[in-house]
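K.L.:
Below, each chain spelled out in residue letters.
There are 2 protein chains.
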Amino acid sequence: MEAPESSLKFDLLAEDGRARLGRVTTYHASFETPIFMPVGTAATVKSMTSDDLKAIGTKIILSNAYHLYLRPGHELIEEQGGLHKFMAWDGATLTDSGGFQVMSLSGLNKRSEEGVEFASHIDGSKHMISPEKSMEIQRALGSDIVMVFDECLAYESSKEDVAASKDRTTRWAKRCQAVDLKSHQSLFAIQQGGMHEDLRREHAEELTELNFPGYAIGGLSVGEPLEVLWEMTRIAAPMLPKNKPRYLMGVGRPQDLIEAVAAGVDMFDCVMPTRNARNGSVFTWSRKINIRNAKYSKDNSPLDPDCSCMVCQKFTRAYLRHLHNAGEMLGGHLCTYHNLYFYLDLIRKVRESIREKRFDDFRQAFYKKFHCP
Amino acid sequence: MEAPESSLKFDLLAEDGRARLGRVTTYHASFETPIFMPVGTAATVKSMTSDDLKAIGTKIILSNAYHLYLRPGHELIEEQGGLHKFMAWDGATLTDSGGFQVMSLSGLNKRSEEGVEFASHIDGSKHMISPEKSMEIQRALGSDIVMVFDECLAYESSKEDVAASKDRTTRWAKRCQAVDLKSHQSLFAIQQGGMHEDLRREHAEELTELNFPGYAIGGLSVGEPLEVLWEMTRIAAPMLPKNKPRYLMGVGRPQDLIEAVAAGVDMFDCVMPTRNARNGSVFTWSRKINIRNAKYSKDNSPLDPDCSCMVCQKFTRAYLRHLHNAGEMLGGHLCTYHNLYFYLDLIRKVRESIREKRFDDFRQAFYKKFHCP
Chain A
1 MEAPESSLKF DLLAEDGRAR LGRVTTYHAS FETPIFMPVG TAATVKSMTS
51 DDLKAIGTKI ILSNAYHLYL RPGHELIEEQ GGLHKFMAWD GATLTDSGGF
101 QVMSLSGLNK RSEEGVEFAS HIDGSKHMIS PEKSMEIQRA LGSDIVMVFD
151 ECLAYESSKE DVAASKDRTT RWAKRCQAVD LKSHQSLFAI QQGGMHEDLR
201 REHAEELTEL NFPGYAIGGL SVGEPLEVLW EMTRIAAPML PKNKPRYLMG
251 VGRPQDLIEA VAAGVDMFDC VMPTRNARNG SVFTWSRKIN IRNAKYSKDN
301 SPLDPDCSCM VCQKFTRAYL RHLHNAGEML GGHLCTYHNL YFYLDLIRKV
351 RESIREKRFD DFRQAFYKKF HCP
Chain B
1 MEAPESSLKF DLLAEDGRAR LGRVTTYHAS FETPIFMPVG TAATVKSMTS
51 DDLKAIGTKI ILSNAYHLYL RPGHELIEEQ GGLHKFMAWD GATLTDSGGF
101 QVMSLSGLNK RSEEGVEFAS HIDGSKHMIS PEKSMEIQRA LGSDIVMVFD
151 ECLAYESSKE DVAASKDRTT RWAKRCQAVD LKSHQSLFAI QQGGMHEDLR
201 REHAEELTEL NFPGYAIGGL SVGEPLEVLW EMTRIAAPML PKNKPRYLMG
251 VGRPQDLIEA VAAGVDMFDC VMPTRNARNG SVFTWSRKIN IRNAKYSKDN
301 SPLDPDCSCM VCQKFTRAYL RHLHNAGEML GGHLCTYHNL YFYLDLIRKV
351 RESIREKRFD DFRQAFYKKF HCP
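Taken in sequence, the protein lines are chains A and B. Residue numbers for the first sequence, in this note's numbering: 1 to 373. Residue numbers for the second sequence, in this note's numbering: 1 to 373.
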């Protein structure tokens, strides 16, 4: 089958070991990689306006087909002019296919070759998402990067199940590829294969054959030990085409990003900076802290003296601790703002270090300062 | 007793009927009146950063001695450099004394000539606020305008009780006046007297004698019918000194502001624009609407086509309805932003109409368009 022409362009600008500096050009935005995508599940990066996202340097955000299909509905968003217009975001967008969510969020689900029947996590109503349905949803949303509908298994699954699921994901990828998207959209494949190197390799080869404009590593960060996550990333990333962006889905902590970049990964998303922020958990260049801790109640220093974000320029730990302690929504917002700035600043520094061929120095300096829990 | 010198200046710039255009100059900001003060009870106007407040034209915000005394504590805020620095707000601030809150928020309370013993609404712990304690709290906070500690009775109170309470509030006002504040702070008196014209007049005379730099009308918006609120405002406002700012506490709806301006009031605060916003209740120039209503789910118009705020320039009713429906915090924030902009825009238009001696035309035009429920 002839692969559809893609509107997405990827240029490899520099390499430093396996780490890569690239440039992705989509219809809505062009950006350098490695990049971190803030998660805006329900067409909103929680608490952040589009101006806030711009101010911290966001180029691309991730949203979710599963959530938007259920609420407010993809047809509604399409009628409203698509996801970008709906949420007043003129940067790039990537939508996840729903493959992961129908397994992890909905209670009952029933898988078949056709797709996945599931019960909504909102009201229990019954739905079915197939590869074709996922494409219909993401087509309506109008995201720049569309993800194939994949099957994602739990960490504990048997190798036999993982192999069968990998084969199904390939068949589903082909079905997704057969659906016409909008001309500005590009479809990324998702590599599965669990924690099995041979299955990962087979799947990479099958998907490469299909010539997608980009490739994701799926099925990680599903409960495996962290050493396994790193090891599998090091194994999986080089299997994917060198001349296409590589996206590690749903990962992760700052150190996970750095290790994945070292393995040759270009794109990341994770709810960690946003979800943690709402619980008062804040990233600094030396460690993760929880601002709710009483020891910060009189601390008049910024969240991170080494951070130049608006929050660190204006507000003290004592004030942020007060906001969280009093249940004030500004507390969650300001910590979200800071955490996303931290992630984008981290990945920007990663890019600069690759450009200047000193990624390993950066990585060592990072670990010297950052306390990994 | 010699009244302390005040750092607050009030200039009457224009009059149109009883409506007044003035200018208040405090240490932190100078602003024209009539003015609306967004409420930032716990040292945060809920969901709004100081940059947001600046962007919508906020000049002065109100915060609360009762809340800040209980959490995080006024000493802590003083150690942190005062309320302005703590919340990174360089405009003016006014703090309420706690007189109203110890009656309305705390469960058990016991009044005496000394002050009010009460149980914290947060943890039930026992506390006492006296006039001196309220001054100590507000001195520590460092607000530009400090309110006297007053006794505020329920609407149903007997005239005898109201009279006794009014006398006590005068004695308390003197005790407040006897406390040294910081040099940049100014103390406003609060007129009580319930719904009784004679008591209101007596109290106005007693307080005027004490020569405060500003005067508030207290004890309204405590459950009385709206006609009574308007009637009492018309009666009470002219009793207060003409050459001092007049502040109607805790009022109110857009139409209440307009009627109070017509009566000669200069300053307002109310939780309505902020509290309503978080429940999806939004002010427009034609009516109050609730954005959660299903009829807005596909409405691609702005909250108010006549509003030029950031929210109305960028977002549709359909998007805002989605955010509220999905419980997304951005929904509360964007509606707060819009509602405060609406209140500040309304009061700005009121000021322009007084400056141009067409306040009555403005008032009539407002009612012609605005549907008062």
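Bear in mind the hints are in silico, worked out from the structure with no lab data behind them. Incorrect hints may have been included.
[Unchecked claim] The list that follows gives simulated cross-link-like pairs (lysine to any residue, SDA-like), each with its CA atoms no further than 25 Å apart: (1) Lys314/A with Asp123/B; (2) Lys295/A with Ser308/B; (3) Lys54/B with Pro302/A; (4) Lys54/B with Asn300/A; (5) Lys314/B with Leu76/A; (6) Lys85/B with Leu76/A; (7) Lys85/A with Lys85/B.
K.L.:
Hint by hint, say whether it matches the structure.
P.N.:
Hints and how they fare:
For the proposed pair Lys314/A and Asp123/B, the alpha carbon gap of about 31 Å is over 25 Å, so the pair is violated. Note on Lys295/A and Ser308/B: the hinted pairing is violated, with a Cα-Cα distance of about 44 Å set against a maximum of 25 Å. The hinted pair formed by Lys54/B and Pro302/A meets the criterion: a straight-line CA distance of about 22 Å does not exceed 25 Å. As the CA atoms of Lys54/B and Asn300/A are separated by approximately 23 Å, the hinted pair is consistent with the 25 Å bound.
Proximity of Lys314/B to Leu76/A is assessed by CA-CA distance (about 18 Å); at most 25 Å being required, the pair is judged to hold. With a C-alpha separation of about 45 Å, the suggested pairing of Lys85/B with Leu76/A is violated against the 25 Å cut-off. With a C-alpha separation of about 38 Å, the suggested pair Lys85/A and Lys85/B falls outside the 25 Å cut-off, and the hint is violated.
Violated hints, listed in ascending order, are 1, 2, 6 and 7; each of the other numbered hints is respected by the structure.
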